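From first to last, the protein sequence lines are chains E and C. Going by our numbering, the first residue of the first sequence is number 191, and it counts up by one from there. Going by our numbering, the first residue of the second sequence is number 23, and it counts up by one from there.
It is worth saying that the hints were derived from the structure and are not from the lab. This structure is a prediction, so every number in the text was calculated from the model and none was measured. By construction, the Cβ of each residue, glycine as well, lies at the ideal position given by its N, Cα and C atoms. Honestly, I wouldn't trust all of these hints.
[What the hints assert, rightly or not] Partial list, derived from the structure: chain E residues whose beta carbon lies under 7 Å from chain C:
id, residue
1, 292
2, 409
3, 413
4, 417
5, 456
[What the hints assert, rightly or not] Simulated pairs of lysine-lysine, DSSO-like, Cα-Cα distance not exceeding 30 Å:
id, chain 1, residue 1, chain 2, residue 2
6, E, 295, C, 181
7, C, 104, C, 115
8, C, 283, E, 309
9, C, 181, C, 494
[What the hints assert, rightly or not] Sample of chain E residues lacking proximity to chain C, with all beta carbon distances greater than 12 Å (derived):
id, residue
10, 238
11, 284
12, 288
13, 300
14, 318
15, 414
16, 548
17, 554
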Amino acid sequence: MLEIKNLKTRFNTYDGVVKALEGVNLDVKEGEIFGIVGETGCGKSVTSYSLMQLLPRTAEVVSGNMSLDGEDITYASESRMREIRGGEIGMIFQDPLSALNPVMKVKDQISEVIRLHQKEELENRTEKVDSGNERNPYILWSLIFVSIVSLFYFLKLEDSFTDTLAKLLFWSSLVGYVFLPEMESNSYRARTAVAETEMVVESLRQVRLPNPSQVANSYPHELSGGMQQRVMIAMALAGRPRLLIADEPTTALDVTIQSQILDLLKKLQKETGMTIVMITHDLGVVAEMCDRVTVMYAGTVVETGNASEIFSDPKHPYTQGLLSALPGESKELSSIGGSVPDLLDPPSGCRFNPRCSIAKAHCSVDVPLLKGEDYKVACHEVKL
Amino acid sequence: MKLWLYVGRRLALTIPVLLGVTLITFSLSLGMGDPAAPYMTEKTTPEQRDKIIEQHNLDAPLPERYITYLSNVLHGEWGFSKTINKPVSEAVKIKFPATLELSILAFIIAVTTAIPLGIFASIRHNRWEDHGVRLFALIGSAVPIFWFALILKYWFAFKYGDITNLPLGYRFDAFLWELDDPIERPTGLLLVDSILAGSWVHFKDAFMHMILPAATLGYASMATTIRLMRGNMLDVLGQDYVRTAKAKGLSSTKVIGHASKNAMIPTVTLLGMGFAGLLSGSVLTETIFQWPGLGLWTIQAMRNLDVSAILGLVIFSAVLTILANLLVDIAYAYLDPRVDLGSQISIVEIVIVFLSFILLGAAYSDLSLGLTVLSVIGFLAVAGIAFATAYFLSTVREISDLWAPAMLFGTAIVVMSIFKNPESNSEIANYFRFIPDFSQLVLIMLAIWILSIAMNWSEFVSSLGPRKEEWKRMSYQFVCNPLAVFGLVIVTLLLLMALFAPVLAPPTEAQLERDPMRMEENFHFNHDLQPPCIEWLSLHPLEGCTGERGEENGFILGSTNKGYDIYYGIVWGSRTSLDVAVKVVFTGTFIAVVIGVISGYYGGRVDEVVMRITDVFLAIPGLVLALAIIAVTNDPSIENLMYALIIVWWPGFTRIIRAEALRIRKLPYVEAARAAGASDFRLIFVHVLPNCITSIIVIATMDMGGIVLSLAGLGFLGFGGGPDLAEWGKLVSFGQEHLLAGETWAFFYPGLVIALWALGFYLLGDGLRDILDPRQRD
């Protein structure tokens with residue numbers, strides 16, 4: 191479904207060019223939950239931003255090829271990208287509070303997505319909405335009242351401030367009559383609004399939010415962290431995307447809320463059959479959720495394969511190091527020696543070679559390529 | 023429901039502020055000679071004067087006088103204005119619509135152009151469009167408003183007046199409105215009136231008269247709004263929710279819509295300030311365009327020592343500003359759902375509001391009741407201060423705990439050293455002989471600084487290494503910012519001009535003997551302006567060029583009507599500007615940092631009281647207050663001017679620094695340091711102050727420009743030091759008189775230098791903000 195080939199992204203900074211991504215290869219299949227794991231700064235998020243063309247201005251994609259269902263979207267036009275964003279690829283971010291607009295109500299933020307990507311559905315529903323011919327009677331009556339009183343005043347009084355005021359009121363009330371039909375509840379706009387609210391509430395219900403209509407009418411800061419993330423998910427799903435990118439969706443949340451959100455994502459995936467790309471640094475999340483996993487290190491993919499395989503029998507020395515750094519039942523904790531390389535001046539050859547325990551001389555010269563069919567490893571020393 | 027509580031609270035808080043304003047006007051009125059003057063008309067006989075004194079308790083002790091004054095203000099008896107021969111309260115009603123109409127139009131011009139421009143600049147961040155808009159905005163705030171008005175007036179109303187048909191001044195064509203076709207004017211707002219009367223001719227006439235003054239006023243306030251909007255947009259565009267909006271697939275216009283909604287919130291809060299700025303600006307604009315509003319009346323009142331009008335106007339403009347701020351606060355609460363509407367009510371606030379409410383009520387109803395309340399409040403205040411001091415002293419355990427009073431004492435010394443007149447021999451001056459002069463004070467501070475470096479020499483040397491790296495980075499960023507470099511060049515040139523003034527414009531023997539800062543009159547050129555001796559500078563065909571010193575090069579930039587050499591005035595005026603700007607900024611910053619940091623850091627009751635005091639000062643438009651101080655003391659010396667400027671400027675400074683301190687105090691690393699057991703002293707000096715220093719430097723740099731603009735404004739209105747002191751604003755006002763003779767040089771060049779000075783410092787400050795703020799690096 192999603193295929194990324196040899197993606198290279200660079201950041202131009204004061205200190206020099208940061209080679210954030212150096213040939214990333216991914217292959218996500220329809221209907222699976224795909225995990226991208228790695229330490230902070232290894233390029234997980236940059237990969238997804240490159241895909242969505244959401245990179246900051248200092249960054250650029252230098253080479254590579256990204257395709258969605260066979261369509262090359264590497265250099266897709268801005269208008270095509272807008273259809274893709276939210277419509278075909280939804281995205282969830284790390285910190286829900288800062289990722290939601292603080293001054294817009296939840297329903298407005300969600301209905302924006304619906305209006306953009308669910309136009310047909312919205313129109314269909316608008317046709318069906320039958321709200322009768324009711325309009326708020328008070329508006330008409332108060333308009334009539336204002337007109338009569340002001341008319342009375344400016345006919346009676348002369349040359350005074352109240353007279354001016356009355357004149358202004360009279361004319362503005364006349365203008366009010368013009369807009370009266372718009373206020374009727376069976377006008378098209380009113381019915382669309384009803385349909386929209388219906389869809390917003392549905393999408394909130396879909397993410398198991400209790401009391402969805404109340405949530406829809408609140409501002410983000412009035413909700414708890416878990417509810418905010420559910421709103422984020424509802425917003426991402428409102429456009430019915432086929433691919434959902436979840437960028438560290440649980441990092442900012444409590445442990446109990448984390449598992450709720452993960453469960454929810456899993457259930458939603460089963461219900462809708464969409465594909466999910468899970469970006470995380472948490473190996474536990476990956477083990478629990480993902481069908482297949484990619485491990486990234488310093489802007490490169492080092493290993494790809496089935497989650498069970500990678501966890502039971504990691505091939506790449508980096509993955510092995512990562513897994514042995516997890517607290518387990520009977521083993522002693524170990525850590526990988528050295529530290530993450532500076533991407534301004536990355537090591538030549540295999541980027542992991544300075545820290546690798548099995549590195550040979552040629553590792554610091556030749557860049558290892560991903561090899562293997564289903565299960566791929568980028569290492570000179572590993573034989574499949 | 024909660025919003026209504028909030029509105030009620032804001033309304034209640036205006037009462038003590040208004041009370042504070044009357045306290046200021048009352049103390050101003052004490053500074054004048056005849057206490058009965060505000061109530062006298064030209065026909066008042068001595069017997070009537072005695073009656074007035076008796077009626078208003080003018081010979082009674084101070085508290086009684088104050089209560090009577092308060093009661094008069096509340097009952098609408100604001101005295102009698104000599105300048106327009108009407109009671110002040112009635113005159114305000116006549117004059118106000120003109121100013122209101124002008125301000126509203128200017129406000130509309132400013133907001134409708136500034137917000138789109140600010141958004142546009144932020145989208146094109148750091149490209150040439152952005153630099154262009156920024157320069158446009160900076161020029162708007164750097165150009166002295168009176169000079170800009172004069173240029174517009176000369177260019178569009180005088181030189182090309184035949185084509186544009188724009189009038190030179192006044193509000194309407196008197197023939198049309200009063201003789202040919204008089205229409206009803208129920209509102210006093212001419213545009214509204216002509217619409218109500220349905221007369222296109224009148225509407226067009228009123229509108230044509232408004233274009234130039236409104237454009238002048240609008241440009242000045244547009245500038246600040248653009249800069250604010252741009253900055254806020256840049257902030258918001260970096261937020262996560264903007265990325266979310268993009269990821270939803272919104273078009274870029276919609277994304278900008280999302281962002282601008284958020285960016286509007288802080289912009290709206292400053293629109294109230296902008297309104298006060300309009301009132302200040304209208305004083306200058308109305309003077310130039312002879313617009314018959316409050317501003318013009320203010321100036322006439324100042325020049326004729328029409329005290330009641332001055333005091334009445336101060337109160338009235340304060341009420342307007344307070345109302346504008348109130349509306350803005352409500353709009354803010356409405357716009358930003360996150361604003362906390364109720365939790366900030368404190369006991370101090372309730373007490374202050376309650377007491378001022380009681381005092382107002384008592385003064386309104388009865389003199390003796392008011393006096394009783396006042397004495398009770400006075401007693402409570404004294405008791406409170408005594409109690410607080412005793413409490414504070416009981417908590418002092420070490421001598422280093424006394425740092426806060428020590429700092430306040432130090433500030434007092436700095437302030438006094440500036441106002442100390444070394445030549446004064448009065449008895450009071452004798453007491454303050456121990457205080458060093460300003461220059462000595464600077465030397466002492468320099469010495470302390472060098473000493474502290476010498477004592478920690480090894481530490482200083484070791485800190486040089488990383489600092490060098492930092493400097494390299496900063497200078498790189500500085501060079502990348504063409505506008506900042508431009509600003510630095512301008513500032514350096516102007517400072518060099520002040521430094522080498524004796525070389526650039528050598529004074530004559532007589533001038534050296536007197537005081538080189540004073541310009542020399544050349545009487546045989548009296549009432550006969552000499553054009554500049556360089557033809558392309560004259561903007562005018564050259565007819566004859568003679569100078570006092572050497573016929574060949576004469577007056578390089580021409581002369582004014584008293585034969586003052588404009589070039590000499592400009593060169594030596596830079597010393598006046600530098601002197602005033604440095605002293606005012608230095609003192610203002612000192613006061614603001616001490617009070618702001620203490621009040622922001624400790625918060626609570628101290629903060630509450632300090633904020634209410636700054637509220638009172640901020641309620642009165644700056645220029646109006648400065649003018650009132652100068653006019654009432656009737657002493658236009660340059661020292662008095664500085665005094666007025668500091669009084670006007672410190673509350674703004676304090677507010678900003680307090681907000682910074684408040685923000686930093688809550689940051690995690692300060693909490694962490696506190697958790698580690700650091701003392702208040704250490705927290706303030708090691709954590710809070712160094713983090714404020716960026717904004718202090720930036721604001722101080724910008725205000726170096728702002729102060730000179732205010733100084734020039736005062737000088738233009740005729741309050742710029744002695745009559746022959748070299749001062750730029752004064753030179754412009756000399757030139758103004760000859761505008762309609764087409765002799766443009768006399769106002770053009772001094773104004774240009776003022777604009778350059780302000781522009782240079784604004785650009786530099788803007789650049790510094792970008793460079794010093796570590797968040798801006800990428």
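Structure-based check of each hint:
no., hint, in the structure
1, 292, "holds (6 Å)"
2, 409, "holds (4 Å)"
3, 413, "violated (12 Å)"
4, 417, "violated (16 Å)"
5, 456, "violated (22 Å)"
6, E/295 <-> C/181, "violated (55 Å)"
7, C/104 <-> C/115, "holds (16 Å)"
8, C/283 <-> E/309, "holds (25 Å)"
9, C/181 <-> C/494, "violated (51 Å)"
10, 238, "violated (9 Å)"
11, 284, "violated (8 Å)"
12, 288, "violated (4 Å)"
13, 300, "violated (9 Å)"
14, 318, "holds (26 Å)"
15, 414, "holds (16 Å)"
16, 548, "holds (38 Å)"
17, 554, "holds (30 Å)"
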